[in-house]
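What follows is each chain in one-letter form.
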Amino acid sequence: MKSILIIGLVSLLGFAGAAHGGVTILPETISLKGAEGRQTLLVQETEGEVFTGAVDGVKWLSSDSAVAEVIDGVVIAKGDGKATLTAESEKGRATREVTVTGHGGEFAWSFNRHVLPILTRQGCNMGACHGAVAGKGEFRLSLRGYDPPGDFYTMTRQAKGRRIEMGAPARSLLLTKPTMATPHKGGKRLDVESREYRILSQWIAAGAVAPDGAEPAIARIEVSPDLSVLKKGDRQRLLVTAVYEDGSTLDVTDWAKFASADETIALVDEDGGVEIIGNGEGAVSALYSSKVALARFRSPFPNRIPDDVFSKAPRANFIDELVLAQLEELQLMPSGRSSDEDFIRRAFLDTIGTLPTLEETTAFLSDERPDKRAKLIDSLFEREAFVDYWAYRWSDVFLVNGQILRPDAVKAYYEWVRAGVAANLPWDEMARQVVTAKGESLENGETNFYAVHQDPETMAENVSQAFLSLSIGCAKCHDHPLEKWTNDQYYAFANIFSRVRAKGWGGDARNGDGVRTLYVEPRGDLMQPRTGKPQAPAPLDGDVIDPASPEDRREALADWLTDPENPFFARSITNRVWAAYFGRGLVDPVDDLRASNPASNEPLLDALSAHLVENEFDLKTLMRTILTSETYQRSSEVLSENRDDTKYYSRYYPRRLMAEVLHDAITDVTATPAVFDKVALNDGSFQETKFYEEGTRALELYDSAVKSYFLKTFGRNERQITCECERSSQPSMIQVLHLANGDTLNEKLARKDGVIDGMLKAGMSDGQMVENAYLKTLSRRPNEREAGELVAMMKGLNPEERRLAMEDLFWGLMTSREFLFQH
Amino acid sequence: MFDFLNEDSGPLCGSKRSRREFLTVGALGPIGLSLPQFLSAKQRSPMKGDDTKSCIMIFNLGGPSHIDLWDMKPDAPSEIRGPFKPIRTKSNAFEVSEILPMHAKVADKFSLIRSCHHDGAAVHDAGWQIMQTGRRFTGGVETPHAGAVASYLMNPRNDLPPFVVLPELMGRGGGNLPNGQAGGFLGKSQDPFSLMADPSKPDFKVPDLLPPDQFGASRLDRRRRMRDVVDQTVKGFEESEDARLLDEHFHSAFRLMTSEKARAAFDLSQEPDSVRERYGMNRVGQCMLLSRRLIESGVRFVTVNTFLTVFNELSWDIHGSKPFISVKQMQELVAPMYDQAYSALLEDLHQRGMLDDVLVAGVSEFGRTPKINPAGGRDHWPQCFTCSFAGGGVKGGEVVGKSDPIGGFPAERPVEPGDIVATIFHALGFDLETHLPGPSGRPFPIVDFGKEPVRELFA
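Residue numbers (the working numbering), protein chains in the order written: chain R, 1 to 823; chain L, 1 to 459.
A hint or two may mislead.
Listed below are the simulated EDC-like cross-link pairs for lysine to aspartate or glutamate, each with C-alpha atoms no more than 16 Å apart in a straight line [to be verified]: (1) Lys322/L to Asp455/R; (2) Lys712/R to Glu168/L; (3) Lys678/R to Glu688/R; (4) Lys185/R to Glu168/L.
By construction, these hints were calculated from the structure, which means they are not laboratory data.
So that you can see chain R by itself, here it is in the shape it has in the complex:
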């Protein structure tokens, strides 16, 4: 948080025109190893902790040219020792220390450090070429080099050793093919004059030395500059430095793979050249040897907002501090506070999935206590509907699905979820119960998590998706192409579940009565297919679990998972809750929490996650903090200075109500109960169910397979995989046609003894009926224009027509965006 404040301060100074900057040399650590050590340098302007663009026309000086020299912006190792580099420019002067080691010693190109990265960068081992499962032209490499020993064997031993000619490197197929000296279907990939060619040929000439197990492993990569403030149209070069466990560094810019997290803000080319094309906060990820690092870019919107807008903006808690800090950096104007009418509707719908009744609305509007919003929020948490709503949402995450599970199992599973919400079980405890679930499936409903997908690989993927929002599926076949997860880590993780068994599993999950008893075998392992041996079990990047121990490996997994130090667990659930309240996760999409997909406001997600950990994973506390923030209570009104904001929360973003909430809102307003009596099976047939008595609300359904045209059309989550993406809030023409012509709304409005008959019986005037209808549907009173026009349309009608006009009035209200949307 401290750095944010500093950055905020700096940008203030920046706008005041104060010259508070300097210049600096990047990268910050330069520790060259061996005779070939070299590193490209950048000279950047700085303001505080951020970089503000590259400096041209630099003159370089080295304090000791026997140690290092700079030629064309590249520092080259000359001998062991330390030297200080100085960059002189019109913008100022900067220095940076360089260390050179191992220069005099024997130097050899390393297979892991140099040879393989070259093949990766030239695209030799990509999926379309030799990285394909079947290879190409009988030459098969591991995809993007995830299996160095295997690749070394393929290159040096297969094809009768013709790929490598140590006596005459230039005749090696490894060099003649990519240079097109011999025909190569993949085209020309390497120039004979290039440094890459020289490295490969020297490596071959030196005896094609095998990957050395004792070689220091890569510890991390660094991208510089890591945070830049730039304008639309600016360009910036990136450097990627690998840092090894012995502290040495290697310039791997040429061999890294770059990707932009948001191509509406920044574009990046394959050499790490970035172009800023939009406004907001963008990020570019660099991937090298299964390590990921991010360079962030801030491009303020072209507004000039007076400083006191931010200093005077109300703050309820740290959310507001952090959101306002970012809005100020990005020059976005916060919208004003929502009206009481908007707030009560919004808080109800987001917290309990239910519209406030007419009585609740009018009581709140006339309440004059200054803390009435906080009181309202507290009261919502105590309601039964709170339990229904969140049990439903978490059932999406846990895949409570009657197409996969038997009815009684579905019920038991759901009841476990609901009991957890009702008892306000901390999220880490929910997670622990699911992950370590054991016993009989109707008694211990949570065991059904494992009945949904019964193989260790899918169990691992589902745990990862549900609790870490990480999609690790790619790593099943090869190292993850965008992430740090390796193929070995995948199998280590999946091996945790290799001993999970249940009596009665296998076959069609829908056969039988759904009674299964889950137990854990004391032995057994999952093979890593690449090696044909079990991978020692470990939770993703956690510690290895003793493979010989007969203990349930999932206990160690649960410890790792719910450890407050686990960077993903708290972030994942925090982001899910945030997304439920704002319609958009800080990380978007919510099921894609990978390092290369940063949050729109990272400090905020960090602070919220820390807040959740401090409060021992109590979700209600997190929700209360969100609901009471001024950020949540902001109006959805658009200002000209925040029109283009879609993810920094300068205003509340309207969104369509979720399918079930909309369904229940229509049922509540019309005072007509719904009937759910069939469950859709996989083969398209339906089965009767007696679980749901008349009047059951959509949010009370156990199961996403209950037949409902309305819910399907409005995009409920079908719960086949853990993904919010399974839920659609997108309006479609079919939805509109259904509202306009379909039976849901029309039948309910025409129904005897529904809302309209109630009003007619009460003998209300046209004006009273209009006001009542507004309060029931939109949680506000009509304005003068609306009341006038609508009452005029109902004037002079006979009783029969008056009733129809009332139906039409409700239809008009309930097909309006103000009704269909949360705002």
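Starting from the known structure of chain R, arrange chain L on it as the hints suggest.
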């Protein structure tokens, strides 16, 4: 080429005006629909492309086995050539599998590209997006379906939606990726109209297309006027894409509801039984027939999803083990259904004189492994597969490209997804240099640089 940037009527800024226009229009007519070309005012003009051309994209979901269907390898070892034999066709250039006998009889009307391949993951949804949009989604940018591009660049012909998906959008593919059947960065207003019903069902109708019977015009009018009163008091909605879109859908829905032509287009009961039976009384057949009716009535682009998901349902996904399907199921159920429907469509379009103007593109997410797997099926294989093209100026009876002796890789003239989409655009008469307003208003070419139509296909 960049003229959209100078217009104030693009999707990025045009809709602000539309609501007010709509209100004006609503006040004019008895039920507000007296200006039939209402929407065209806010469409871009002049339209791009050839107004006479249309496209039916048949998406063969699951990934048909090219080696068992269109690119047989009778001389390969048995674990590659599989159980089926090739048969002669009306074309001198190619044979097809014995499980596609009706294809053989219309082989003079379609051509094959046997050297399609892509470098996306061998996952269904990855192939769906790459084959329908011509690109893989990166950096959060979702590129539009070819039909969405057509719908964006060409004005609607009438009240029917310009881009329709039958019978509904693709379901789950297992890879958790967007399926490419959407408007992508062009905005949701270019999303297809998805039918959400099975036209082979006896009681088939477009769900909720018509208001309840007892509603007269004056009642509909009152509903709309009342809705307008309410919907005028909105804040912030014009900046929400979803909210804008809902508004547009209301306009479109009202036009659709009240258009005789639109209703007739969806009414399969107007077809003689003999025609319906020729297509096959199943979902695939009736969707193909409906696609012809829709194109005839003015829809510009129809995508027929032959199947909807690969899990526990029929599809082309012949892994040979559950929940997928077996080679036997393909032979007995899937191939005959497709054979009948596809041949019926080509014959029907031909007999009606529509074939020259309607491109029929048969594509899939990938082909299948040359080697038969231990379960007796074949697995995913994007490295080489076959696509078919007919009509819309395409010569029939030809083969473009060639696969290697086991159908593993293209041996001649490799064709990529971008080229397939470029071929569709070429047939619709688009200049491939046309740019779309991409993310951040950045000009985005309709196909990536270097992608070319497969010109040999065209007469």
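These are the hints, each one checked on the structure:
1. Lys322/L to Asp455/R: holds (14 Å)
2. Lys712/R to Glu168/L: holds (12 Å)
3. Lys678/R to Glu688/R: holds (5 Å)
4. Lys185/R to Glu168/L: violated (41 Å)
When held up to the earlier numbered hints, the structure conflicts with hint 4 and nothing else.
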